[in-house]
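J.: One letter stands for each residue in the lines below.
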Amino acid sequence: MFCYQCEQTFRSDEGAGCAGTKGMCGKDAATADLQDVLLHVCEGLGQYLHHARALGATDAEGDRFLLFAFFTTLTNVNFNAARFVQLIAEAARLRDRARALYERAARAAAKIPENLPGAAVFVPASDMNGLLAQAGEAAIRKDAAIVGEDVIGLRSLVLYGLKGVCAYAHHARVLGEERPEIYAAVEHALDLLAREPKDIEPLLEEALALGRANFVAMEALDAANTGAFGTPQPTQVRVTPVKGKAILVSGHDLKDLHEILEATKDKGINVYTHGELLPAHAYPKLKAYPHLAGNYGGAWQDQQKEFADFPGPIVMTSNCLIEPQARYRGRIFTAGPVGWAGLRHIAEGDFSQVVQAALALPGFPEDVEEKTITIGFGRTAVLGVADKVIEAVKAGQIRHFFLVGGCDGAAPGRNYYSDFADEAPDDTVILTIGCGKYRFNKHDFGTIGELPRLLDMGQCNDAYSALVVATKLAEAFGVGVNELPLSLIVSWFEQKAAAVLLTLLALGVRNVRLGPTLPAFLTPALVNVLVEKFGIQPIGEAKADIAAALARAA
Amino acid sequence: MFKVELLTRDGASIAFEADATQTLLEAAERASVYPPSSCREGGCGVCRVTKVSGDAELLSCSSAALSEKERAAGDILLCRSRARSDLQLTATFDQTAIGSAPEPVRTARIVEIAPQGSTTLRLVLQYSDDPTFGQAAQFVAGQYAELAVPGAPIKRSYSLANTPNWDGLLEFLIRIQPGGAFSGYLRETATAGAELIVHGPKGQFTLDESALAPRWFVAGGTGLAPALSMLRQMAEFADPHPCRLFFGVNRVEELFALDAIEALRAGLPQLQATVCVWKPEVAWSGFAGTPSEALAKSLKEEGPRPDLYVCGPPALIAATNSVAAAAGIAQDRIFSEKFSPAEGPVEKSTEPPGRRHLWPGVIVG
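Chains as they are written, first to last, in this note's numbering: chain X, 320 to 873; chain S, 42 to 406.
Incorrect hints may have been included.
To be verified - Covered by chain S, per the in silico footprint, the following chain X stretches (three or more residues, Cβ under 8 Å): (1) 400-411; (2) 639-649; (3) 758-772.
Hint data in this document are derived by calculation from the structure and do not stem from the laboratory. Beta carbons are placed, not taken as given, at the ideal position from N, Cα and C, and that holds for glycine.
Using the sequences and the hints, build the whole thing.
T.: Spelled out as C-alpha cells, the structure:
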C-alpha cells in the first residue's frame, strides 16, 4: 500500500507516506490497494462521462456513483475490503455504460468516437487476488520516477481535493441538492488525471477549478441543509446525559440523524449527537424533536473511549470512524459510505434495528448535572447582527476576527489551536467551524457587548457559511476579503479540508495559516508556489502568530 | 510492587503492577485489564502467556493446560503465577481480546429445550433485563458462554449457535453425555422458565473479519454451533466471502440442525455445505467419511487457499491440521477450538506456539 492523503500519515527522514501492512488510520494494505483500483476505474468512468457531457449526454447514476465511491475512500470512512470489490465491479459496469453513452452521443453528432486512453481501457480483474495484483497500475506514485515528485504532488492535490468535493456534493445530493457544474468539474478532473498529466500548470489550474467547484458544492450543501431543516439559530446544547435509553449518532449526515429522530419518536429513546453532528442542534426542524437530548463526547479521535462508555447503540453516518473496539463492536452501526468488516451496515436508511438495540441496551441510569454550550452562529445569525458587528469594529470594540477552524486529530501539536483561541485578546472574535473546536468550545470566552466572543459556525461542511460572512463583511466595509481584520487559522486533517483550502485559494484568500503539519504530498517546491501565490504559512507559536496577524492588520 | 508488561500479538504493550501475593490474573484485573481466561484454576490453559524476562512463581496446574515442554519454553498461566520480579510477557492474542471491564454474569431463563437428532439438545435461553447490560445478547459470533445451574455445583461451557441480537436470545447445541452432570440436569430437571446463570461471553474463536480469503468451516458434532453462528452472521451482514461448511457426525441418526443449514442458503447463497456421516449404517446419499476427509477432497480443487475455522473433538482438529498442512495452508490461517468431555481434563494444545484462536475450554456434556 501507499497512502499519504491525511495529516497523520507516517513521516520519517526518508519521506512521508503509509507504506506498510497498515496505515496510521488502521486501513490495511488490501483495502488501500483496492481503493486505488476503484479510483482508477472511476477515472475511466469520469473520462467517458466528460466526453459524453461535451456532446450533451449525461448519466445521473454514473455521476452519483462517482460522488459515493470517492467518499468511501476518504480517510476513516470505509475499511471494508470486500465492499471495495463490489464497488469496483459496479464502477466497471457504469464505465461500460458511459462508454456506450459517449459512443451513441458521438454518432448522433456525426463524430467518430475518440479512443480514450489510460483508465478508460483498464479492465479490472474479476476477483480479489486479481484486483490486488493490479494495484500497481492504479497507484498514485506509479510513474514518480518519470514525472517527478512535484507532478505527483499536484496530481495528489487534485485527487484529494476531488475527494473532498465529492464528499460535500454527496451530502448535498442525499438531501436532493445537485448542481450540474459540480458533476462537470468532477468529470473534468477525472479526465485530466486519467491522461496522467506531466505538466505543473494545468494541474495547478485544475486544483483551483476544483476549489471553485467545491464552493458550489458547499453552497449546494448549505442549501440542502437549510432547505431541509431550516436556518441554524443560536442554540444552547446540553453536553451532559439525561436518564434513559439512548442512541448516539456520529459523523456529518443530517439526513440520517433526521431519520433516526423520526424512527425514535415517542419511543422513550433520547438521541445524542457526537463529533461533527453537534451543529445539528441549531437547525429548527431538528431541534424541534424533544428527544434530541444533547451532544455526547468530543472530537472523533476520542471515540474509542466515548463509544465504549456510551450505554446504547452508535450510528456512524460518515467520516471519521476509528477501529471499533470489542466493548462496543456489537452495537455500532455504519451507514451510507462508511464501513468496517464485521459491523452491521444500514444501506437504505432503515434504522429499525438501531431502535431495537436502543430499547434492548440499558441507557443512562441517571441524569448528570446539566451543562450547556452555545452553537448555531451560521451566516444568517452572524449577518443578522452585521450592523452591530460593523459598529463594534468601527468603534474599536472588535479589533480582529480569527477563524480558527478545521479538523481535530490525535497527533501532537494540535494544542496550538486551543492555545490560539485562549490567547486571542479580549477585543477579538473567534469564529470556528469543524471539529477542531472541541479543543476549546467549552471554554468561557465572554462577550463583546451582546456578541459572544466565540461563534460556532457549524461543521467543517459549513465552511460556506464562513466564506459568505467574510464576503458580506468585506462588502459592508468596502474592501476585499484580504483587507478585512480577519485571519484564517486552519487545522487540516483529511480531504474535505484539502477541498476547502483549494476553495480559499480559488477565491483569492491569502495568508492562511495551516497546520499542524503541511500536507505530505506537497513538495518543498509546491509549498513555495503556494507561499508565493497565496501567502500560505505553516502555524508557528500561538502568541507569536496572533501578534503577527494583529500587526499585519494594524 | 512489580511492573508487568504484556506484549500482545499485534504489538500493543499493556502494563500493570503486581505484588507477590496475588496471581498475575488478579493483578491485571485489579488494574482493569481483563486478559482471556476461563477456569481460573490452572485447568484450561486459556490464559497461557510466554515469559520473556523476569521471575514468576508458577503454582500447581494441570499438565493439560501447560505441558512440560511449554513450561520449559517459558510459558506460564496468568491465573496460576505470581510475580517475583518485574516481568515481560508475550501473549498469543491481540489487544482487542483484552477486556476493560469484568466479564458479564447475567441470569437467563430457558425458553426452549428440544432434542435434535439422537444425541443433541437445542437449548434456547433468554436474558433477563439487567440494569448494566439491558436485555441485549451482545457477543461476537463464534464465542461461547459458561452456563451454571443456580444453587448447584454444575457449570459448563457451550458455544453459541445464534448471532448477537436485541431480543436477548442465546441458542446452544449441546451433546448429551451419558452420566454428564449438566446433561443430567438438562434431561431430568430443566424445563421452560428455569433460570440459569450465564458467564461470558468468552473466547476468541471468531471470524478474522479483515481477511480476504474464502472461509471454510470444519465442524464435528456440536462443533457446528460456532460455525453456524459465524455463518449466520455472514448471512445477516450479506458478507460476500466464498464459504463452505463441512459438518459431520458419526451416525445418520445423530444428524441435527440440517434445517438450519438449509435455511442459511437464503441469506448466504454462496455457501456450499457438505454433510458427512462417518459410519452410515443405512442408506446415505451424502458424504461417507469425516469432515476432514471431505475437506481433503475439496482442497484438491483449484482456487485460492481458504482460511479454516475448525471446531470439534481433538481428533478432528488434529486430522484437519494434517490435511491443511498437506494442502499448503499456513498454520496461522487455521482457527480452531476444540472441546472435550466435561469430566475429563481439558485436552492440551498440540498446536505450535503462535497458533491463533486456540481456546480449549469449551466442554461438551
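J.: All hints are to be evaluated individually against the structure, with a verdict given for each.
T.: Evaluated hints:
Residue count for the segment 400-411 of chain X with a Cβ under 8 Å from a Cβ of chain S: 4. That meets the three needed, and the coverage hint holds. Against chain S, the segment 639-649 of chain X contributes 5 residues with a C-beta closer than 8 Å to a partner C-beta. That satisfies the three-residue criterion, and the hint holds. Coverage of the segment 758-772 of chain X by chain S is violated. Counting CB-CB distances below 8 Å, 0 residues qualify, and the rule asks for three or more.
The earlier numbered hint that this structure contradicts is number 3, and it is the only one.
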